[in-house]
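Asks: All chains, full assembly: derive it from the sequences and hints.
Line order of the protein sequences matches chains A and B.
Residues in the first sequence are numbered consecutively from 1, following my numbering.
Residues in the second sequence are numbered consecutively from 1001, following my numbering.
These are calculated hints, taken from the structure and not from any lab test.
Honestly, I wouldn't trust all of these hints.
Cut-off 16 angstroms, straight-line C-alpha distance, at most; resulting in silico cross-link-like pairs (EDC-like, lysine to aspartate or glutamate) [said to hold, decoys possible]:
#: 1; chain 1: B; residue 1: Lys1183; chain 2: A; residue 2: Asp253
#: 2; chain 1: A; residue 1: Lys183; chain 2: B; residue 2: Asp1253
#: 3; chain 1: B; residue 1: Lys1315; chain 2: B; residue 2: Glu1284
Protein chains: 2
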Amino acid sequence: MSTIVNDIEVIKANHTKIHDIDFNNLKFGHVFSDHMLECDYKDGKWHTPKVVPYAPISLDPSAKIFHYGQSIFEGMKAYKDEDDNILLFRPLDNFKRLNISAKRLAIPELPEAFFMDGLKTLLKVDSDWIPKKEGSSLYIRPFIFATGKGFHASPADEYKFIISTAPSGAYFAGKVKVLIEEKYSRSANGGVGFAKAGGNYAGQFYPTQLAVKKGYQQVIWTDDNTHEYIEEAGAMNIFVRINDTLITGPTSDRILDGITRKSIIELAKTEGIPVEVRKITVSEVVEAAKNGTLKEMFGAGTAAVISPIAGFGYKNEDFDLPELENTFASSLKKRITDIQTNKAEDPFGWRYKV
Amino acid sequence: MSTIVNDIEVIKANHTKIHDIDFNNLKFGHVFSDHMLECDYKDGKWHTPKVVPYAPISLDPSAKIFHYGQSIFEGMKAYKDEDDNILLFRPLDNFKRLNISAKRLAIPELPEAFFMDGLKTLLKVDSDWIPKKEGSSLYIRPFIFATGKGFHASPADEYKFIISTAPSGAYFAGKVKVLIEEKYSRSANGGVGFAKAGGNYAGQFYPTQLAVKKGYQQVIWTDDNTHEYIEEAGAMNIFVRINDTLITGPTSDRILDGITRKSIIELAKTEGIPVEVRKITVSEVVEAAKNGTLKEMFGAGTAAVISPIAGFGYKNEDFDLPELENTFASSLKKRITDIQTNKAEDPFGWRYKV
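Replies: Right under this line is the structure:
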């Protein structure tokens, strides 16, 4: 069945999978909604997207995604409030960052209307898939990859943009122990670390496996030259609280301009929390852990919102963080999720009603 | 039709495309032979490969290749000599490097027999696709990518290994002008630069496009920290000849251990050419260009074998290399291709008869 919503053609799935899903026991990104948005770049332009049934993609074995890693993505969430309004959080920022990533990966930039109208149409079609349970959300995955053919190491001439959605529970459960990395790194100066490029993530898996074998759950990435500057926490931005000051590293060509990161910075400032955006050294964090001024560390990203860190390892020594009653992590996470889910006023204009 | 060759099942294509191909006008990697080798990793192991008709691959939209760049590849060539023997060049080195890449990208390592027997079976089935024209070859592309599903940023639980082949002409035509990079970089210390990971290539496209706009064809990559050390030439290793000494950078976690590169080093030594494997600085290359001691620069890799450089740009200044009658590039290229194609003795044991 084909209909038109927001000028976008919708081809409905013949049957829904929604009754097979236990919405009370959702993992992260493991089950997928009935439909997806699909949009092709060929003959030098992006063509109008369609909402189509979620279904396998067929690609030539020479498609450049398989060979040269030309892929980018975004992560977003949709919520439903008590009145069943569909809510997004700063979606235009995801759109803009997708195109920043696209440019760096030599992928043609996407028109805003294709992204925004496509996303809104998809969410309306699959609105029953948006969980209402506290902590759950509809995780949204926009991504672009190279479908053009050929073994020549050059940008593809064809691409596919897809938005797929997955009703999801929380990304992490509980506090994590992290290892400050002394050997491996995730990005280079002048590289693609600031982009949400697929290859940035594949390169993290092996060092993370090594950390897991040592008893940690995540790696704290440091700069590739000196390993003296703290850059990211796993696939998240990182915040460190020393005494009552919240510190995060500046964005750069190595560090992702996280939307949760910048929201936390703004929120903290309005709460009167002193915030410093500056380079953080491993030495100062270790020193602060030793003298008791290191109060909190946490990762920040769309999937987990805020992921508190229980302790860290560095040079074969383990450091535990204190168990505080009232943490910046929990109060800031509550403020952000309350804004996201329309349980609180939004003085920033971040909430976006579909 | 299904048969067994070398214990590997062969499912033949219903018809051949070979009569549609103009073997006198082959580009690089644009047309593909009738069959491919396909091998799946699931339930914790690699399963016996099959030769199957070259055909599209169907993947779930959540397959991790689309999102997290978990992919690696190799590049090889097959030749036919005058007696129609099928010849490879140091294929075990490609197999070993594939597994080195696999490990770094958290991809399960592949058994040697699946690679070697699979490759030999495929080449026998499609032996008519191996061009005999001088300079042409059957380009071989082994690659592995993540097929496992899910949006969680973690290694996939399923993978596909494919070998596809493409009858090909020369990769580059003529000498190239290159730009020594001062801002962008292709790899980090502790990163994946030494691996043939897809993401390493996608990151090169945009800086290369910028260089092309300035009138160059390729980028000379420098280290990401100081941009003072010369590391690679496009997707190739780089050699510099100063006076009569051939210099190439040492392999590292940023530089690919190229099979052509190490073959050139060995060959040059047997020819009595002084070879230095050491860091090369941009300053010494510029200085040598200015004082006339810079005789040659060339890239080395499987696709092009040796790709001579005509000149380079650096800090808005252009430097031309001399037009020599007898170059190391041409004599070494001839020696390698003569060994590859069985036109010369092979004292090294590099040639491999299928």
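Asks: Each hint needs a verdict: does it hold in this structure or not?
Replies: Now the hints, each set against the structure:
1. About 11 angstroms separates the Cα atoms of Lys1183 (chain B) and Asp253 (chain A), which keeps this hinted pair within 16 angstroms; it holds.
2. Annotation: proposed proximity of Lys183 (chain A) to Asp1253 (chain B) holds, straight-line Cα distance about 11 angstroms (limit 16 angstroms).
3. Restraint check for Lys1315 (chain B) and Glu1284 (chain B): the C-alpha separation of about 15 angstroms stays at or below 16 angstroms, so the hint holds.
Of the numbered hints given earlier, the model fails none.
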